[in-house]
Amino acid sequence: MTTNNALSFRILAAVILVIPFMCSSHLTAQTAATKPGGSSSAQKWSVLVDKVDAGDVNLEPAFRIAIYENLLDELTKTKRFKQVFRSGDHSANDVSDLLILKTTVQKYTPGSETRRAVTTVSGATKLNVRTQLCTRDGNVILEKVVDGNVRFLGGNLRATHNLAHNVAGKIKESTLPDPKASAAKDKAAHAMVTSALLVAVPAL
Amino acid sequence: MNYRNISWQAAAVDCLPIRRNLACLILLVWSSTLFAQNPGNAKNPTGALSIGATHVLGFESAPNNATGKLSIEGGALQFQKTEGPATQVSIGSIQNVLLGVEDKQVGGTPMALGRAATPFGGGRVIGLFSHKMYDTVTLEYLDANGGFHGAIFQLNKGKGELLKNQLLASGAHFAKPEEQTTKQSSPEAKNDNK
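As given, the protein sequences belong to chains A and B, one line each in that order.
Residue numbering for the first sequence follows my numbering, starting at 1 and increasing by one per position.
Residue numbering for the second sequence follows my numbering, starting at 1001 and increasing by one per position.
FYI, nobody ran anything at the bench for these hints, they're computed from the structure.
Hints are not guaranteed to be accurate.
[As the list claims (entries may be wrong)] Computed Cβ-Cβ distance ranges for the label pairs, DEER-style:
#	chain 1	residue 1	chain 2	residue 2	range
1	A	Thr175	B	Met1133	34 to 40 Å
2	A	Ser122	B	Gly1171	42 to 48 Å
3	B	Ala1169	A	Asn149	37 to 43 Å
4	A	Lys170	B	Met1133	31 to 37 Å
5	A	Asn58	B	Met1133	16 to 22 Å
6	A	Gly138	B	Met1111	44 to 50 Å
7	B	Leu1168	A	Leu142	38 to 44 Å
[As the list claims (entries may be wrong)] Below 25 Å or equal to it, Euclidean Cα-Cα: the simulated DSS-like pairs (lysine-lysine) are:
#	chain 1	residue 1	chain 2	residue 2
8	A	Lys44	A	Lys107
9	B	Lys1132	A	Lys51
10	A	Lys126	B	Lys1132
This one's a predicted model, so the numbers in the text were calculated from it and none came from an experiment.
In this text, a Cβ means the ideal position worked out from N, Cα and C, and glycines have one as well.
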């Protein structure tokens, strides 16, 4: 009887000791899976920042370059992507889960730092861009219109920093599809097209 | 009470060495200010051009808003910070050099705070006069992997053209002439992409 009691006590103690560890590991796994913004899946994506397209807007070259460089900095800071590549980087060719960030300037209002200092209410530099996150085959998975302004303190180029910060913020708070699911969907679409062609070609 | 009677002529003769010294001193101060006004354009002992510049962003590992000197040495464009290591890119990798002009307030944040603290709208009056035109030089270059980089430098007025000519002479690539100069200090004109 005594030995049985002792044995059951030991088993009970072992169970009591093991249960909290199991629960904590389960909770950790849960939190990792439900991290806000779906970062666990999005971290698998890499991003290539394309050159800024000025479109029909008469944008100064310094602004175009500043937007591009600030976007690279701000996207790296978000830690949302596995790697951030520059436009034309050959090492991005081997990356499978790659998104391309395209930026097109829609509106630009050149401001003046002196006018801001003298009048406070006028002389703001304003930028408005359309950003698209595309896959290699051109599917747009995220599209946003973002503003970047400088109204009071700072030079005109500060508008580009604010713009890049806003773009990175929008990307960070949006949910990106799982790269594997996206690849599977692409494969399925490709297979459907191929089968349709195979059916259609003999009919012709 | 014994007073010596000294004639004006004698006094003038006595003061002559003092005047000469004073003239020499004024000349010295004037010449030193002349040299000080042109610090950003010095030739190295080797004959290479060195221009004072502020790195706005993008040039290799140089920190943003760092002041230093831009020089062309050994087929590379080098930015030497006032304190710290130099960074450089090969001139062959430069794809484009673009010039612009920017009107900026001088004094940075301390001056801006001072303007804001000045009572009776005095800060606005200060702001009206405390601005300066700068040349901005935008470089586009490629790294070893073919990645596109852009760098922006702010130079004293007139120095941008000088740097561009030096880069041209050293073999850098350039864009079409109509894209070269764009004024940044134009009045508010809205450009819409329709």
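Notebook entry, point to check: Which of the listed hints are broken here?
Noted result: 1, 8 and 9
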